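Peer 1: These are the residues of each chain, in order.
6 protein chains.
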Amino acid sequence: MSDFNSEKEMFDTMQDKLNSAVISDILDSLGAREQAMRPDMRPVYWGATIAGRAYPVLAADIFQLREELKNDPYRGEIEAVDSLKPNDVFVGCINRSSRAGFWGELLATAARARGGRGAIIDGCTRDVAQLTKMNFPTFATGIRVPDSKGRCMVIDHGCPVNCGGVLVNPGDIVFGDIDGVVVIPRELEEKVIPLALEKEGKENLLRNELLKGMTLRDAYNKHRVL
Amino acid sequence: MSDFNSEKEMFDTMQDKLNSAVISDILDSLGAREQAMRPDMRPVYWGATIAGRAYPVLAADIFQLREELKNDPYRGEIEAVDSLKPNDVFVGCINRSSRAGFWGELLATAARARGGRGAIIDGCTRDVAQLTKMNFPTFATGIRVPDSKGRCMVIDHGCPVNCGGVLVNPGDIVFGDIDGVVVIPRELEEKVIPLALEKEGKENLLRNELLKGMTLRDAYNKHRVL
Amino acid sequence: MSDFNSEKEMFDTMQDKLNSAVISDILDSLGAREQAMRPDMRPVYWGATIAGRAYPVLAADIFQLREELKNDPYRGEIEAVDSLKPNDVFVGCINRSSRAGFWGELLATAARARGGRGAIIDGCTRDVAQLTKMNFPTFATGIRVPDSKGRCMVIDHGCPVNCGGVLVNPGDIVFGDIDGVVVIPRELEEKVIPLALEKEGKENLLRNELLKGMTLRDAYNKHRVL
Amino acid sequence: MSDFNSEKEMFDTMQDKLNSAVISDILDSLGAREQAMRPDMRPVYWGATIAGRAYPVLAADIFQLREELKNDPYRGEIEAVDSLKPNDVFVGCINRSSRAGFWGELLATAARARGGRGAIIDGCTRDVAQLTKMNFPTFATGIRVPDSKGRCMVIDHGCPVNCGGVLVNPGDIVFGDIDGVVVIPRELEEKVIPLALEKEGKENLLRNELLKGMTLRDAYNKHRVL
Amino acid sequence: MSDFNSEKEMFDTMQDKLNSAVISDILDSLGAREQAMRPDMRPVYWGATIAGRAYPVLAADIFQLREELKNDPYRGEIEAVDSLKPNDVFVGCINRSSRAGFWGELLATAARARGGRGAIIDGCTRDVAQLTKMNFPTFATGIRVPDSKGRCMVIDHGCPVNCGGVLVNPGDIVFGDIDGVVVIPRELEEKVIPLALEKEGKENLLRNELLKGMTLRDAYNKHRVL
Amino acid sequence: MSDFNSEKEMFDTMQDKLNSAVISDILDSLGAREQAMRPDMRPVYWGATIAGRAYPVLAADIFQLREELKNDPYRGEIEAVDSLKPNDVFVGCINRSSRAGFWGELLATAARARGGRGAIIDGCTRDVAQLTKMNFPTFATGIRVPDSKGRCMVIDHGCPVNCGGVLVNPGDIVFGDIDGVVVIPRELEEKVIPLALEKEGKENLLRNELLKGMTLRDAYNKHRVL
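Protein sequences, first through last, are from chains A, B, C, D, E and F. This note's numbering numbers the first residue of the first sequence as 120 and each following residue consecutively. This note's numbering numbers the first residue of the second sequence as 120 and each following residue consecutively. This note's numbering numbers the first residue of the third sequence as 120 and each following residue consecutively. This note's numbering numbers the first residue of the fourth sequence as 120 and each following residue consecutively. This note's numbering numbers the first residue of the fifth sequence as 120 and each following residue consecutively. This note's numbering numbers the first residue of the sixth sequence as 120 and each following residue consecutively.
Among the hints, a few may not be true.
What the hints assert, rightly or not - Think about it this way: if two alpha-carbon atoms lie no more than 27 angstroms apart in a straight line, the pair counts; the simulated DSSO-like pairs of lysine-lysine are: (1) D:K127 <-> D:K331; (2) E:K204 <-> E:K252; (3) F:K318 <-> D:K189; (4) F:K331 <-> D:K127.
As the list claims (entries may be wrong) - Not close to chain A: a few residues of chain B, all C-beta gaps over 12 angstroms, as computed: (5) V141; (6) D144; (7) R152; (8) E186; (9) R326; (10) K331.
Hints in this document: simulated from the structure, not taken from any laboratory. What you are looking at is a predicted structure, and each value in this text was computed from that prediction instead of being measured. Beta carbons are placed, not taken as given, at the ideal position from N, Cα and C, and that holds for glycine.
The task is simple: from the sequences and hints, build the whole structure.
Peer 2: Here it is in structure tokens:
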């Protein structure tokens, strides 16, 4: 983070200048080749982009509200959302369940009030129209109407989860755009971000040669980037 | 329907003021918890919204046009579409077949001329560009090019069908938006619609508190809505 | 092609006046009933339309870069893209693999410089934002972030491939729009294109009658088109 | 149960004289038409048959053992198995997860020592060779090697669960054989069992006529059973 | 059939001497390369083998018994089974539906009384224990308990159907064993059967050389068969 | 291998005394928690068990035999099988393709003549009846009739492949039984085998206590094994 004045500036810069493909290429070059989520993890609206620190939340399908939750059916969700800190991304894992829309507008509104930058759900969301209108970047494996009450329950948060096929630890950086989501493990972030900014520049050179009609063979031989 | 001057006014109001999530929450509160279609039932264009009465149509895959239909290959589809009454929604079930685009622009044009408000197809549609241009709200489990002639056949209509995993009876209300489709059984509609309009109001209050920075815990404790 | 001054004019006219549905209907009428790709072959942006000659490319998943490719990891992709001729469409088959984004912006830029009109990938692409911005029509069965280096390898090109469930030979015409992709075998193109242009006209007549309120039964009996 | 001297005798008789098909037919005739589990719920060895009372157990995928469980990683499984009473069937729901073999030989040995009659797992089992050798009837949606430690966690037991697509309440009767598993809701058991025993008899009559060469039409008209 | 005294002798010989792999290889050599059913079409018991003439039956999912069928709910199934002639195989297509066990013991008993040699179902069967005991070879894409009454309906028979991904015409030969099912189009049967019997012989020679330790390279070079 | 007189003795002992579950538990305890193949990798006959060294083979779907292979269509398969050394297991990856039966009796016969101990195919096999009769342990993700000629092609061998979701390097130990397949990375084999033999003993003690009626809680507290 040394090149930035704040985490916020770092994540804003990433959203502005980088994309998931170039980050993935740099992760590849560092030997971290399994950091991209499955292709069914999609942004719910065109243009949604997230960069932030993962706050993982683990949930499970249930088929009856437990007695102790009758008066407080959303206890886990509420605790998890109220735990978000500035620049966090809510990374929810319900193991691709499509029983309910686990995420939605009111959770997003509360998350944003805590400084949350987005949500990535291995499961379904609802309230897509409102999430779009409030421009709260949300990625999910599906969209489903029903409320989570009596259908899903948060069983832990702030713990490692598998989301979209990638293990996400609290504090890892997650980056999502139209191509999908990649996870930057905490210990690699100091290397990945400057290298990704640098590679963006080289691709611009290559692109210009191609636009002028150079064959891909000649352009690649010259720039060694693709 | 007592609060509306006409069915048309009721459905227009629903499209205008409600969404599938709030309707689903009210259905939940009345114990009807399995009324949301599967998440693969999607609107074919962004912004498509339907409210109307289901006119169910049952179709099946075929592999050769029957002799008696050689001169009238679309007999079933034509009969079904010509049976639509004002405010009806064509609810077609082909058991998720993707052999053909069972629905399309010309059927939609004819359906609209009869007063039809949209189509929900457990199967594929085609002519998505034209359906979008004519703003005919269509939900389907897929999009596929080929014509239904010799590929699907209507085998009954005006009968119960399972569409998107929910049993739909003739005259049930179907409501679809970006989050998916819910079915309001006929006997519950008098209760569901006013309660849904009321819940919308409460959510607005909660949202405002959250926007001002109240924690989700405090906001929920105060309003008991999520 | 006799009715057009050039291949380019023919394909531009097709993109302008035709759609996949009418082409599929004409293919049906000529007995070629299995020419539409599977419904998971989707355009990556709204409005993408392609008509052109297929240049098929066959790729396979790999799990380690071969020694001989260490210094030239994209050899196959480069050869394949540099082989494109004006009006060609890159038709890539990786057997629906989602290991990598096999297609992307730089390949598209190079393809366009050779006169390529688009790409159809039985597998994943990446760089969707850039492909959209440069308006390079791309169809794929998925979107995935990682680069193809060390994940996929071109094993042949200019050979028949199965793409989206349809056998595509070099030089076949491929046509894709929002409804999906159809393949016109070379030997049928002289018949299909004029017949498709003609059918478009008849559908306009039918549509007008329907808009005026004629029942579908009467309209169909009069025009015998649906 | 009035016709039997004990629950054990009732379940032994059911295993001996009935099969899932005839029970399902009787449930159909009483209007309970959604009591058969999905077809991916299969016996793990040929000849496995279970009848007993469901003891439902709810589990969830996890990705790290919680601190408090470091010294007692199987706490939930142990509690659940030790809660079984004579004639119970362990009905485990992990939402079709295939992360681990949730059931296995040692749990089965402990379950049998408590009087348990079998296991039905919406998820995977392991130790299939040993389960077969000890003839402990086990049904599962898959078979997978890894241990559940750090992969799945019991989150509740003695509560309703959805298993194989059917809601199972504690005390419902579950019956499984080579054709699959059916659930007899507690309130219907007094009706279902005698009717099923009776239907078995009628089918024998019909079968004999068919064996003698009577057409299906004549045999059905005479016996009105199929 | 010229080499056999009767159809029965021909099919008995095929079951005795041939297997699906060698038949498929001969079909390949004659250019008929898409005659093997999908791999989810499996025999329901180990050792089931069928050779016979296809009698295709087309069925569809329904969600309510039609009024006219209230007193005769199995009309279509009964008609179809009673239409079987000696050496026929019931080839049922329900488009892979798993709503019901469409085939079962009583239909098999009636089919055998008409001379039927087996059943191939693109959908589910039930009564697997009894089908095994009566040694009635049955292939299906699944096994499911519920009865077809009110769940599936025969909509045509004696017509072409797609079963397991292959178009089957009435009178085509179907052959199934542990490796799957192949369809021999009527017009090829005179060629396929003698060539398949001949290839079996050559493979025996090759196998013997391999058993003696010859490398696969040398053995293939000598016999040109694999 | 230090405890065995030969590789053969080591693998024979493993097949005799160990099972995939205990090996997986030991791998877990050493931190290698992703070494079990997906649950769709199944033995093709009951009782098939393999232990041996992986010889990985990479194949791909093709849609036309290349010109240069017209006279030698199985070149890659032949080379790969003739490369097997004593105690090797053919580990074939075709990326779960079901186009053809990639493995079969003649390849198995040749493999055994070279000392091969079995085959594990991420794709389909055929000749299941003959593989069973010759007791050649084969694991596959499916069974399909057609020959590989013109459908699949070996593109590399002796290289790393992903098989059943696990990366397999040449020389890794693979172990398969009724519960599935696990991969022991070469560098862990010296630790895994003795620890697995030891754990088998402890489980026997626990099992005996359970058989005598001890609760699972008491038995686990005493032996700390499950």
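Peer 1: Are any of the numbered hints broken by this structure? If so, which, sorted upward?
Peer 2: Hints 1, 5, 6, 7, 9, 10 are the ones this structure does not satisfy, whereas the remaining hints hold.
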